[in-house]
Amino acid sequence: GAVVSQHPSRVICKSGTSVKIECRSLDFQATTMFWYRQFPKQSLMLMATSNEGSKATYEQGVEKDKFLINHASLTLSTLTVTSAHPEDSSFYICSARDSTSGFTSEQYFGPGTRLTVT
Amino acid sequence: AQSVAQPEDQVNVAEGNPLTVKCTYSVSGNPYLFWYVQYPNRGLQFLLKYITGDNLVKGSYGFEAEFNKSQTSFHLKKPSALVSDSALYFCAVRARNSGNTPLVFGKGTRLSVIA
Chain A
1 GAVVSQHPSR VICKSGTSVK IECRSLDFQA TTMFWYRQFP KQSLMLMATS NEGSKATYEQ
61 GVEKDKFLIN HASLTLSTLT VTSAHPEDSS FYICSARDST SGFTSEQYFG PGTRLTVT
Chain B
1 AQSVAQPEDQ VNVAEGNPLT VKCTYSVSGN PYLFWYVQYP NRGLQFLLKY ITGDNLVKGS
61 YGFEAEFNKS QTSFHLKKPS ALVSDSALYF CAVRARNSGN TPLVFGKGTR LSVIA
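Chains as they are written, first to last, in the numbering used here: chain A, 1 to 118; chain B, 1 to 115.
A few of these clues could be false.
As the list claims (entries may be wrong) - For each label pair, taking beta carbons as the anchor points, the in silico distance ranges come out as:
1) G61/A x T72/B: 24 to 30 Å
2) K64/A x Y39/B: 27 to 33 Å
3) C13/A x N97/B: 39 to 45 Å
4) N97/B x K64/A: 26 to 32 Å
5) S70/B x Q42/A: 26 to 32 Å
6) G61/A x N12/B: 31 to 37 Å
7) T57/A x N97/B: 17 to 23 Å
8) K77/B x L68/A: 41 to 47 Å
Hints are computed from structural coordinates only; laboratory data are not their basis.
C-beta atoms are modelled at their ideal positions from N, C-alpha and C, and glycine is treated no differently.
Starting from the given sequences, assemble the full structure and let the hints guide the process.
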């Protein structure tokens, strides 16, 4: 089946620093990837839709200058949390849909990245 | 606007008993419906989906779900629960004519199977 990887799985950083999270589709091409954030015991909150070769589309309330998304290839999207603060601590999950499978395809999810800002 | 409701935060069931996790949806037109499972500190794993055809959909690990258009429901079921089924379950929906838009998720239901 389709596999999505994320790196790192866990990261601890100091307040004010930036952290980059990578999301890769390993065996399929993804024109579009999605970034979610999940708080403890809560559902997934869509942050942005990442489109290969173009700017990401951010959901209302998500700061585009703080959460920088780059989708430079059909298999890689990155999320950079800039000037991180403790309130940015969360579980970040990326997701991708196989570009060749049409819109009926399920989304495939990465294993998530646990970010802790101290 | 699309939305999903999972009315139960928590479902408890004894091992070996049948389980049901409820989901209702709201979407313009016909839906694509999905169920995912999440284990602690992990991403979501796909269980099953309804696209078209038979209303009863069979998926991974013995799970199945029934699409009921009149009740706008897509409840997840399993005839005999296992302790290993204990996890967080998410229902999700997309409208059929919504292009390449992301899934909209319910808030999740925590299933606890007790030995």
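Tested hints:
no.	hint	verdict
1	G61/A x T72/B: 24 to 30 Å	holds, 28 Å
2	K64/A x Y39/B: 27 to 33 Å	holds, 32 Å
3	C13/A x N97/B: 39 to 45 Å	holds, 42 Å
4	N97/B x K64/A: 26 to 32 Å	holds, 28 Å
5	S70/B x Q42/A: 26 to 32 Å	holds, 31 Å
6	G61/A x N12/B: 31 to 37 Å	holds, 35 Å
7	T57/A x N97/B: 17 to 23 Å	holds, 19 Å
8	K77/B x L68/A: 41 to 47 Å	holds, 42 Å
Every hint from the earlier list agrees with this structure, and none is contradicted.
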